[in-house]
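Trainee: All chains should be built: construct the whole structure from the sequences, respecting the hints.
For the protein sequence lines, the chains are R and H, in the order given.
The first sequence maps to residues 1 to 279 in our numbering.
The second sequence maps to residues 1 to 407 in our numbering.
Calculated from the structure, these hints are not laboratory results.
Glycine is no exception: its CB is placed at the ideal position from the N, C-alpha and C atoms.
There may be inaccurate statements among the hints.
Far from chain H, some chain R residues (derived; all Cβ distances over 10 Å) [as the list claims (entries may be wrong)]:
#1 Arg30
#2 Leu34
#3 Glu92
#4 Asp93
#5 His142
#6 Gln144
#7 Ala168
#8 Ala170
#9 Ser171
#10 Leu197
#11 Thr216
Derived lysine to aspartate or glutamate pairs resembling EDC-like cross-links, with alpha carbons at most 20 Å apart [stated by the list, open to error]:
#12 H/Lys381 <-> H/Asp262
#13 R/Lys66 <-> H/Asp304
#14 H/Lys49 <-> H/Asp17
#15 R/Lys66 <-> H/Glu309
#16 H/Lys381 <-> H/Glu227
#17 R/Lys73 <-> H/Glu303
#18 R/Lys6 <-> R/Glu92
#19 R/Lys73 <-> H/Glu309
#20 H/Lys226 <-> H/Asp262
#21 R/Lys66 <-> H/Asp189
#22 R/Lys73 <-> H/Asp302
#23 H/Lys75 <-> H/Glu233
#24 H/Lys156 <-> H/Glu168
#25 R/Lys38 <-> R/Glu92
#26 R/Lys73 <-> H/Asp304
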Amino acid sequence: MSRIEKRFAQLKAAGRGALIPYLEAFDPDRETSLALLKAMPSNGADLIEIGVPFSDPSADGPTIQKAALRGLKAGATLSGVLEMVQSFREEEDETPIILMGYLNPIDSYGAEAFCRDASACGVDGLIIVDLPVEEADFIMPHAQRYGLDIIRLIAPNTPESRLHFLTAQASGFLYYVSVTGVTGTRTASHEELAAALPRIRAVSPLPIAIGFGIRTPAQAAIAVRTGDAAVVASSLISTLEETLLDGRATARTLPSILQQLKAISEAVHQSAKSRVDGD
Amino acid sequence: MQAPAASMNSLKNGPDDRGRFGTFGGQFVAETLMPLVQALDATYQAAKKDPTFWEELHYYFKHYIGRPSPLWHAKRLSDELGGARIYLKREELNHTGSHKLNNVMGQILLARRMGKTRIVAETGAGQHGVATATVCALFGMSCTIYMGATDVARQKPNVFRMKLLGAEVRPVTAGAGTLKDAMNEAMRDWVAHVADTYFLVGTVAGPHPYPAMVRDFQAVIGIETKEQILEAEGRLPDVIVAAIGGGSNAMGIFHPFLDDKDVRLVGVEAAGRGLDSGETAASISRGRSGVLHGNRTYLLQDEDGQILEAHSISAGLDYPGIGPEHAWLHEVGRAEYVSVTDVQALEAFQLLTRTEGIISALECAHGLAYVAQIAPHMSEKDIIVLNLSGRGDKDIDTVAHHLGTKL
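Mentor: As structure tokens, this is what we get:
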């Protein structure tokens with residue numbers, strides 16, 4: 001059983017929704033982001049999404065764009081990100097790690113070599129923003145061989161006919177991009193989510209994570225009331241950004257993000273409990 | 001008038017049903033955009049087979065753009081260089097001053113067919129932005145143009161023209177503030193406004209069907225050239241030369257000649273300060289295969305797959321990629337890709353002005369610089385056609401600056 005599968009099974013048994021915080025690798029430097037990564041599980045992260053910095057993140061909003069730029073300035077490379085995951089895995093073997101990024105750095109590394117190395121370093125899943133299912137054969141055979149889940153994205157404007165196609169060979173979990181737009185902008189309402197999720201549930205038994213525009217504990221709580229997991233990215237990065245001095249981490253950086261992470265995770269876990277109680 | 005015809009065993013058949021030219025092209029976009037590019041593909045495939053679509057486009061080509069554009073025998077230029085007979089396909093005489101309007105007119109008619117009310121576009125030098133703003137004015141559509149902040153600063157007249165035409169120009173400060181960054185921002189806008197917005201791509205790049213569609217709209221250049229040169233000389237040219245940024249003017253003139261094996265097709269990339277200076281825009285000469293902006297093609301990138309900023313004296317050429325069909329034509333060896341530097345382009349710019357009384361865009365001056373290299377080594381019987389894709393009004397400030405004159 002993969003780490004992702006195991007984690008969702010545990011959460012389901014406990015009647016809890018999952019919180020998936022996001023961090024941009026090497027933002028603002030390698031040490032800080034590795035320390036943040038290591039501290040996330042004990043502060044409420046159930047799974048962790050790591051952004052791989054790319055020069056041209058065309059589906060990301062300004063917050064993640066800037067984070068990616070800081071990461072690149074700090075020397076982020078794809079192999080550097082894999083080494084980060086490896087360091088994390090030396091101490092922690094339970095929390096699933098999902099890398100999120102764009103295709104070109106992976107293409108440059110080589111799809112097969114990348115899947116082999118990512119798996120060896122302890123990566124569990126990949127979200128490749130600009131790799132739709134139509135082009136997935138680029139990586140699918142290698143991902144399957146090395147036991148990596150390719151997380152499928154579903155958008156509000158994904159047509160019914162396409163839903164079947166998208167979920168047919170999906171594994172791990174499904175990622176519902178809850179608003180049409182870039183990261184960190186508008187937030188989907190409970191009503192919108194309540195209308196959208198059954199459509200997806202009808203075609204796939206996989207857990208559904210909801211992302212894009214989830215900023216507050218309350219919004220994260222709403223997301224796990226309808227979905228199975230909430231992804232929080234831009235709002236954590238904004239917190240990080242506010243603590244920087246001349247682009248460098250300060251003593252406030254880690255505590256501020258972790259405090260926010262804790263608050264969101266409490267809301268997520270409370271909300272899920274009330275669902276079990278028959279809310 | 002119809003879409004360019006293709007037949008069995010023709011180099012004109014691409015792309016395949018996955019939108020690929022060999023290993024290049026494809027549809028590498030976020031899931032939110034997939035329904036849009038698929039809808040666009042379906043609309044275009046239907047329009048392509050609909051004679052009324054081409055009749056309508058031809059009407060605007062003739063009465064609004066001013067087609068056909070002349071094929072001018074540049075005698076004084078030919079004499080000055082000595083050697084081959086040089087013809088100029090005068091796309092700079094189109095309304096708005098470049099070949100860009102051919103494509104833009106085709107796409108705006110499609111956007112109308114799809115019921116879209118808002119247009120977004122990216123622009124480098126501003127030629128595509130001006131063309132887009134023009135058709136939006138003509139058809140009463142809302143228009144937002146993304147332009148790198150660096151380009152906004154160096155292309156002021158075009159920025160002003162776009163605003164006069166009713167477009168909103170949004171400067172992009174991300175990255176180096178040039179065309180690649182404007183492209184990213186236009187894609188972000190499109191993702192955020194999928195319901196009413198049409199993304200009007202300016203070159204033969206982007207996710208399928210853009211590379212094929214833009215080529216088909218620009219192929220009018222090559223179709224006319226073929227007729228005109230047969231009328232003037234009774235035979236096809238020996239060499240066709242065109243400057244390459246994304247490569248739409250080159251693809252437009254090359255495509256109808258792809259199966260004419262004896263016609264050499266030469267794309268001229270911008271070497272910038274030199275191919276090995278680190279400040280270049282020559283993505284075929286100095287790039288390698290990768291994925292950006294929805295397609296697989298040759299890209300300027302570092303070892304880790306991060307995209308590099310391109311440099312050229314011409315804002316219209318400093319894009320780190322090239323259309324996927326060019327990448328394929330390069331790989332199969334049907335077209336040749338060479339490069340000339342900023343300095344060589346500046347010299348050619350002045351040569352054309354002096355000999356023919358034509359102030360060309362800096363983009364086409366790159367093509368001319370290559371023509372000036374090969375023409376003297378050819379005979380008087382040989383024919384070269386240069387696609388003169390745009391006029392140079394927009395570049396006057398840049399040229400003056402480099403020649404040490406203050407306007």
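Trainee: R/Lys73 and H/Asp304 were given as a pair; does the straight-line alpha-carbon distance stay at or below 20 Å?
Mentor: holds (13 Å)
Trainee: Quick one, are R/Lys66 and H/Asp189 close enough, alpha carbons at most 20 Å?
Mentor: This hinted pair holds, its Cα atoms lying about 17 Å apart.
Trainee: Can we trust that R/Gln144 is non-interface, i.e. its beta-carbon lies farther than 10 Å from all of chain H?
Mentor: holds (20 Å)
Trainee: Please verify that the nearest CB of chain H lies beyond 10 Å from R/His142's CB.
Mentor: The claim stands: R/His142 keeps its Cβ more than 10 Å from every Cβ of chain H (closest is about 16 Å).
Trainee: Minimum Cβ separation between R/Glu92 and chain H greater than 10 Å?
Mentor: At about 26 Å from chain H, R/Glu92 clears the 10 Å cut-off, so the statement holds.
Trainee: Within 20 Å, alpha carbon to alpha carbon, are R/Lys38 and R/Glu92?
Mentor: Between R/Lys38 and R/Glu92 the Cα gap is close to 8 Å, so the pair holds against 20 Å.
Trainee: Measure nothing beyond the straight line between the CA atoms of H/Lys156 and H/Glu168; if it is 20 Å or shorter, mark the hint as holding.
Mentor: holds (14 Å)
Trainee: Please verify whether R/Lys6 and R/Glu92 have alpha carbons no more than 20 Å apart.
Mentor: Given that 20 Å is the threshold and the Cα spacing comes to 15 Å, the pair holds.
Trainee: With d taken as the least Cβ-Cβ distance between R/Leu197 and chain H, does d exceed 10 Å?
Mentor: holds (16 Å)
Trainee: Under the criterion that the straight-line Cα-Cα distance not exceed 20 Å, is the pair R/Lys66, H/Glu309 satisfied?
Mentor: Roughly 17 Å between the alpha carbons, so the hint for R/Lys66 and H/Glu309 holds.
Trainee: Holds or violated: is the Cβ of R/Ala170 farther than 10 Å from all Cβ atoms of chain H?
Mentor: holds (12 Å)
Trainee: Within 20 Å, alpha carbon to alpha carbon, are R/Lys73 and H/Glu309?
Mentor: holds (15 Å)
Hint check: no violations occur; every hint is consistent with the structure.
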